[in-house]
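K.L.:
First to last, the sequence lines map onto chains A and B. Quick note: the first sequence uses this note's numbering, first residue 1, plus one each step. Quick note: the second sequence uses this note's numbering, first residue 1001, plus one each step.
Be aware that one or more of the hints could be misleading.
[To be verified] Simulated restraints, written as ranges between beta carbons of each label pair:
1) A:Asp-269 <-> B:Ser-1023: 51 to 57 Å
2) A:Thr-202 <-> B:Glu-1115: 41 to 47 Å
3) A:Asp-269 <-> B:Glu-1069: 31 to 37 Å
4) A:Leu-491 <-> B:Glu-1027: 52 to 58 Å
5) B:Glu-1069 <-> A:Pro-377: 35 to 41 Å
6) B:Glu-1069 <-> A:Pro-177: 56 to 62 Å
Think of the hints as simulated: they come from the structure by calculation, not from any bench. For every residue, glycine included, the Cβ atom is placed at its ideal position computed from N, Cα and C.
Okay, here's what each chain looks like letter by letter:
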Amino acid sequence: MNEEIKILVIDDEAVMRDGCQRILTKEGCEVVTADNGEAGLAAIQENPQGFEVVLLDLKMPGMSGMEVMEAVKCVNPSLLIVVITGYATVDSAVEAMKKGAYDFIPKPFTPDQLRLVVSRALEKKKLELEAQRLKAEAARSLRDVATEKSKVRTIMHCMADGVLVTDREGRVVLTNPAASRMLEIGTNAILESPLEEVAKDTKLIEAVRGVLEPENSDVSSISQELQIGNSLIRAHTAAVKSEEGETLGTVTVLEDMTYLLELDRMKGDFVAMVSHELRSPISAIEQNINLILQGLTGELSDKQRHLLSRAKERSRGLLELINDLLEISKIDAGMAMQRKEPLQVEEVVKGVVELMEEEARAKGVALRITINGPIKPVLGDRDNLEGVFNNLVNNAIKYTPADGEVRVEVETDGDYIKTVVVDTGIGIPKGDLPRIFDKFYRVKSEKTRGIVGTGLGLSIVKSIVEAHLGSISVESEEGKGTTFTVVLPRLTR
Amino acid sequence: MAKILIVDDDPDLVEAVSIILESKGYEVSAAYGGIEGLEKAKTENPDLIVLDVMMPDKDGYVVCKELKEDPKYQSIPILLLTAVVSKISTTRYTQQMGMETEADDYVDKPVEPEELVRRIETLLSK
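Model the full assembly from the supplied sequences, consistent with the hints where possible.
P.N.:
Written out as structure tokens, the structure reads:
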């Protein structure tokens, strides 16, 4: 027993009081005694929660045990009262129990009997406390659940993205206002209805039903674009699984792309517009410089000729930059794969190499092309692929000093057509390699100073190759040369 | 000497081309838009037309098509002035222009004066 346990003994017989006190004190309890009913009641009234157990003699002069008990019930109904009865009659015990005593112990009793009765009472008290604690905890967690629910509801309501949750039967169990708006469904009375009655979009319904199909249990999510009214919605539908892997329902997150697409289109229009507006005046400037340089407006001094040549070079660079920007804006607008047709890559490459021969010769660079074996066709946009190889070969010549070599090889590599452009040029520093496909990235060094470029070429090349589902990679060693490898998937039927 | 009509909405470009052609002794007349160009082509009956592609009122392709479809004017050689849309696929123009327009030749803007004169001489000698 615990020393914090306080027990009140109310008995008119000093022997009983002393006996109880002696026995229970040994058990570690704190015992308070009262020699009559009034004194006992007063002690309880003074501190209603002060005692865990009251040992109460039923037959006392003055206030009887029964009267004390009734009075105690008013002060502290949960106080455990163990009745001591000298008569040992069942009647008085039953009556006491009826009035709310917890237990009784007949006189005379042995110390063991007393200990047993008290410990039983204390056990009961402990259980009561435990039950109370559990009840409080349950109430608290219920309150937490309610808070959590309201938190989730608030989050869902504030989200710009739509959320639609169904159970495993495909009934809608949760939606937010964004979802209602995007799917054009009313908010009223849709909960618990089958999805088919709520949403009209068949692609969405198919996705939800598809994810719920048991044979599709390996499908984790479906992403698709839905055209609803004038809006373009991107929808990600995923299964909700239990720990055992059982499908419990679905969650669909809806993203309104309309605004984004419009913005993208506007950006493209803007870039194209600005580029055109910039290009015309620069063309005119260069045209006029050409005239003057040609001597059509009178003789020029050497100094004037030199300055005008520089001006022409600069305006030419500007024009190239604008052209590249236009190209980029076209690729952003999804025009990199506009005209798809079956193509022979080696023929495209051959055409490009022929065009570049003059330039290579002028620079004293040997330009060679090797085509290894039969080449399968690819599906591609001829103009854009031409641009890719044009750029790579042109770069290779640009960055290769006189007496160097540029080699172009085309071969079939499994399901891919591999084109390699190898040069013996100045190479690219290791640190710059990962960034050379970035927009506006140019390697700046003593060796590249005399080379004109906009820094957009390779990023355009990469965009076009990727639009063809291909890939481009680069290897290089400074001072030794650079190898670009373009891999394009071959046409399969 | 041959009479050449220059059609371009950019007056600076018209002037530049005029200077080049006049220096070679050509008689030059100018129009500053597609509609005006089409009219002058019909009224002045030039020996050759230098025609800009991008013009706001009526673009060069349309002007070219209308002239080439008219038996009265289809024999007038047309040299299209194009702006290079992209460096990366300069070559596409060689093919596209040939395929998509009925112009007799084309030249990128800005053009080297000698190149322009050479093209015009070639077209006129045909």
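K.L.:
For every hint, state whether the structure bears it out.
P.N.:
For each hint, the structure was consulted:
At about 40 Å, the beta-carbon gap between A:Asp-269 and B:Ser-1023 misses the expected band of 51 to 57 Å. For the pair A:Thr-202 and B:Glu-1115, the supplied restraint of 41 to 47 Å is violated, since their beta-carbon distance comes to about 60 Å. Between A:Asp-269 and B:Glu-1069 the CB atoms are about 32 Å apart, so this pair conforms to the stated range of 31 to 37 Å. Against the hinted window of 52 to 58 Å, the Cβ-Cβ separation of A:Leu-491 and B:Glu-1027 comes to about 55 Å, which satisfies the hint.
Judged by the Cβ atoms, the range 35 to 41 Å given for B:Glu-1069 and A:Pro-377 holds: they are separated by roughly 37 Å. Taking the beta carbon of each, B:Glu-1069 and A:Pro-177 are about 59 Å apart, inside 56 to 62 Å as hinted.
When the structure is compared with the earlier hints, violations turn up for hints 1, 2 and for no others.
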